[in-house]
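Peer 1: For the protein sequence lines, the chains are X and F, in the order given.
Residue numbering for the first sequence is 1 to 175, as defined by the working numbering.
Residue numbering for the second sequence is 1 to 175, as defined by the working numbering.
There may be inaccurate statements among the hints.
Said to hold, decoys possible - If you want the footprint, here are the derived chain X segments under chain F, 3+ residues with CB under 8 Å:
hint: 1; segment: 8-21
hint: 2; segment: 50-58
hint: 3; segment: 110-122
To be verified - Reference listing, derived: stretches of chain X covered by chain F, where coverage requires no fewer than 3 residues with Cβ under 8 Å from a Cβ of chain F:
hint: 4; segment: 98-104
hint: 5; segment: 159-173
Stated by the list, open to error - Listed below are several chain X residues computed to face chain F (Cβ distance under 8 Å; list not exhaustive):
hint: 6; residue: Trp37
hint: 7; residue: Asp84
hint: 8; residue: Tyr149
hint: 9; residue: Ala150
hint: 10; residue: Arg152
hint: 11; residue: Glu155
hint: 12; residue: Trp156
Hints listed in this document are in silico derivations from the structure and should not be mistaken for laboratory results.
Here a beta-carbon is modelled for each residue, glycine too, at the ideal position from N, C-alpha and C.
2 protein chains.
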Amino acid sequence: MTSYALLSLLVIDSENQDGLTGYELKQRADFTLRFYWVSPAMSQIYTELERLTSHACVSVDEDVDGRRTTRRFRITPAGREALDTWLRDPTDDFPVLKHPVALRLMLGAMMGTDAVRDMLDRYEQALSERRQELEAVRAMLGDRESVAYAARVAEWGLTFFDAEATAIDRTRDSL
Amino acid sequence: MTSYALLSLLVIDSENQDGLTGYELKQRADFTLRFYWVSPAMSQIYTELERLTSHACVSVDEDVDGRRTTRRFRITPAGREALDTWLRDPTDDFPVLKHPVALRLMLGAMMGTDAVRDMLDRYEQALSERRQELEAVRAMLGDRESVAYAARVAEWGLTFFDAEATAIDRTRDSL
DNA sequence: AGCGTACTGTTCCTAATCGGAATATCGGAG
DNA sequence: CTCCGATATTCCGATTAGGAACAGTACGCT
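Throw the hints in and build the complete structure from the sequences for me.
Peer 2: Here it is in structure tokens:
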């Protein structure tokens, strides 16, 4: 799955002819991918790139910058095709949510009402920070047609964050 | 993290004096834990139980049932304490969402509007099935005080599902 | 010029998690 | 008594997580 996520980052960047380094891919992942997926570990990015290269889904350019050589990766036509096949595969699986707050809330009786309230407050705070970050991404995308789908994904994320805020309020009211 | 999830299942079941087998834990996880976490693989359940046993957080009863011996696991006071310490730890991390639909939506321009619509329809369908399952769990919990927190977690999940439905609608309207 | 330091870029290591297949026993329907 | 589904555990390989370690680069500062 992660390989498709990386290919998608490479496609999105592909107007830029230079390609991306593993390091840059990590940065892009940290910037947007993390809102609806996870930002893969460094280690995984490089191993996936290795694999994608061996499948000819990405091509590598070795840049010699003085004393070190860095590698820039670009998606190949074969990579695009693999991505396209995956996009058309109708067996999309269901989203996975790992929610530490819910996990703890389950044991609210053991925590006590005050500790639950504190936890909710902390989560509310963290949530509003994330929301602002995503809002900034959304604002940056504007209404340019070329990034319309990215904007839709950002909107989706904002809807999710708002629902979380609602859930916090409802839970607090029920205590 | 998974070990705490298992401990929480054992705590919740602990009115029942018999304890649970690994298999039963898997069933409980499939039933509720999957809505706000993941249902761990068999392999992981047994390895975690092994580890928890070695840390004296769970105790094991070997039941000899005819030709085979099965093991029932119960949480120990030390296990409760470990769980309690974790519950009071204020460093709860942020929820992680892995959303395949959003990942594909990002490349909507490559999919084409029709394929995007189809994907949204399929997700809407899958979502309503999940919602019904969770609704059934919620109904089963009723308003008994002993499961009030589980009910709150279920409500939280329903709020999430409703937000997903909203996001689907908004995305569809924007196409 | 030399120094410090933050950033860029890659590799490496370990642990945790995933996903089921394989195995084997049990319990009940017919 | 036989078959089949449920119970129970083990095993395997692959993927994912999370950073530390290492090395070069860019840039401001004195």
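Peer 1: The structure should be examined with respect to each hint, and the outcome stated for every one.
Peer 2: Now the hints, each set against the structure:
{"no.": "1", "hint": "8-21", "verdict": "holds (count 3)"}
{"no.": "2", "hint": "50-58", "verdict": "violated (count 0)"}
{"no.": "3", "hint": "110-122", "verdict": "holds (count 6)"}
{"no.": "4", "hint": "98-104", "verdict": "holds (count 7)"}
{"no.": "5", "hint": "159-173", "verdict": "holds (count 9)"}
{"no.": "6", "hint": "Trp37", "verdict": "6 Å, holds"}
{"no.": "7", "hint": "Asp84", "verdict": "7 Å, holds"}
{"no.": "8", "hint": "Tyr149", "verdict": "4 Å, holds"}
{"no.": "9", "hint": "Ala150", "verdict": "6 Å, holds"}
{"no.": "10", "hint": "Arg152", "verdict": "5 Å, holds"}
{"no.": "11", "hint": "Glu155", "verdict": "7 Å, holds"}
{"no.": "12", "hint": "Trp156", "verdict": "5 Å, holds"}
The structure fails to meet hint 2 from the earlier list, while all remaining hints are met.
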